[in-house]
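Listed in order, the protein sequences are those of chains A and B.
All residue numbers for the first sequence refer to our numbering, where the first residue is 268 and numbers rise by one.
All residue numbers for the second sequence refer to our numbering, where the first residue is 44 and numbers rise by one.
Please keep in mind that the hints were generated in silico from the structure rather than gathered at the bench.
We treat Cβ as the ideally placed atom computed from N, Cα and C, and that holds for glycine.
Incorrect hints may have been included.
Straight-line distance between alpha carbons at most 27 Å, and here's what the computed DSS-like set of lysine-lysine pairs gives [to be verified]:
id	chain 1	residue 1	chain 2	residue 2
1	A	272	A	323
2	A	272	A	335
3	A	323	B	100
4	A	321	A	338
5	A	335	A	321
6	B	52	A	338
What the simulated footprint calls covered on chain A by chain B, stretch by stretch (three residues with Cβ under 8 Å from a Cβ of chain B suffice, anywhere in the stretch; the number is not a length) [claimed, not checked]:
id	stretch
7	302-316
8	321-330
Given next are the chains, with one letter for each unit.
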Amino acid sequence: DQQVKQNSPSLSVQEGRISILNCDYTNSMFDYFLWYKKYPAEGPTFLISISSIKDKNEDGRFTVFLNKSAKHLSLHIVPSQPGDSAVYFCAASGTGTASKLTFGTGTRLQVTL
Amino acid sequence: DSGVTQTPKHLITATGQRVTLRCSPRSGDLSVYWYQQSLDQGLQFLIQYYNGEERAKGNILERFSAQQFPDLHSELNLSSLELGDSALYFCASSVGGGPRYNEQFFGPGTRLTVL
Numbered sequence: 268d269q270q271v272k273q274n275s276p277s278l279s280v281q282e283g284r285i286s287i288l289n290c291d292y293t294n295s296m297f298d299y300f301l302w303y304k305k306y307p308a309e310g311p312t313f314l315i316s317i318s319s320i321k322d323k324n325e326d327g328r329f330t331v332f333l334n335k336s337a338k339h340l341s342l343h344i345v346p347s348q349p350g351d352s353a354v355y356f357c358a359a360s361g362t363g364t365a366s367k368l369t370f371g372t373g374t375r376l377q378v379t380l
Numbered sequence: 044d045s046g047v048t049q050t051p052k053h054l055i056t057a058t059g060q061r062v063t064l065r066c067s068p069r070s071g072d073l074s075v076y077w078y079q080q081s082l083d084q085g086l087q088f089l090i091q092y093y094n095g096e097e098r099a100k101g102n103i104l105e106r107f108s109a110q111q112f113p114d115l116h117s118e119l120n121l122s123s124l125e126l127g128d129s130a131l132y133f134c135a136s137s138v139g140g141g142p143r144y145n146e147q148f149f150g151p152g153t154r155l156t157v158l
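Pulled out of the complex, with its shape left as it was, chain A reads as follows (with noise of 0.2 Å):
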């Protein structure tokens, strides 16, 4: 039961344009959700999170976004850059037996010239 899901396998965006990952959840017990960034042969890195009494949170070129009703997040990198090629996780805790990190499968960003 995959309980975060991020169904877009790959993103190819120009450098200089935004770039929108998107994650969807499903336990309703999240409430704490991340971005983790990931280069090969290296561990992935976090890189944003936001509470679920938050609606956004901003942290330079990125930014998180939570729909709570639609059980939806996303990441906005604006402007997008090479150094942004990497693959992005979606992550989610909460209470009780929601308090494990639960992560999405990723999203591989490349970001072309």
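Got chain A sorted already, so can you dock chain B onto it with the hints?
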């Protein structure tokens, strides 16, 4: 460099064997988490230790076990290995005892290949 170290980087072994993966957390971090990433899968949480004690358990097989030592390094033991155990195994650490609001720092992973 996250500050989390994992050894070995690569491990190739045969079915039925037993291996030990080692993780050293960032200085000051008390929690260690183990994750498994199989091909085209997300990271699956296996187990968490906090200051030497098991704190949370995920989808960890009975053939797998882990421990955290007094110096806070951790080992993941995988026994009676099967082909399906071939995967990337990541260790992560955090200061606090839970995944919520506690950023986890990941090591570079150990790639296990079972032939």
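So, going through the hints one by one against the coordinates:
Annotation: proposed proximity of residue 272 (chain A) to residue 323 (chain A) holds, straight-line Cα distance about 20 Å (limit 27 Å). Distance restraint check for residue 272 (chain A) and residue 335 (chain A): the Cα-Cα separation of roughly 15 Å lies within the 27 Å cut-off, and the hinted pair is therefore satisfied. Note on residue 323 (chain A) and residue 100 (chain B): the hinted pairing is violated, with a Cα-Cα distance of about 31 Å set against a maximum of 27 Å. Distance hint between residue 321 (chain A) and residue 338 (chain A) is fulfilled; the C-alpha atoms sit about 13 Å from each other, no more than 27 Å.
Using a Cα cut-off of 27 Å, the hinted pair residue 335 (chain A) and residue 321 (chain A) holds, with the two alpha carbons roughly 9 Å apart. With a CA separation close to 37 Å, the supplied pair residue 52 (chain B) and residue 338 (chain A) exceeds the 27 Å bound. With 8 residues carrying a beta carbon less than 8 Å from a beta carbon of chain B, the stretch 302-316 of chain A meets the three-residue requirement, and the given coverage holds. Chain B is given as covering the stretch 321-330 of chain A, and this is violated because 0 residues of the stretch bring a CB closer than 8 Å to a CB of that chain, at least three being needed.
The structure fails hints 3, 6 and 8 (numbered hints given earlier, in ascending order).
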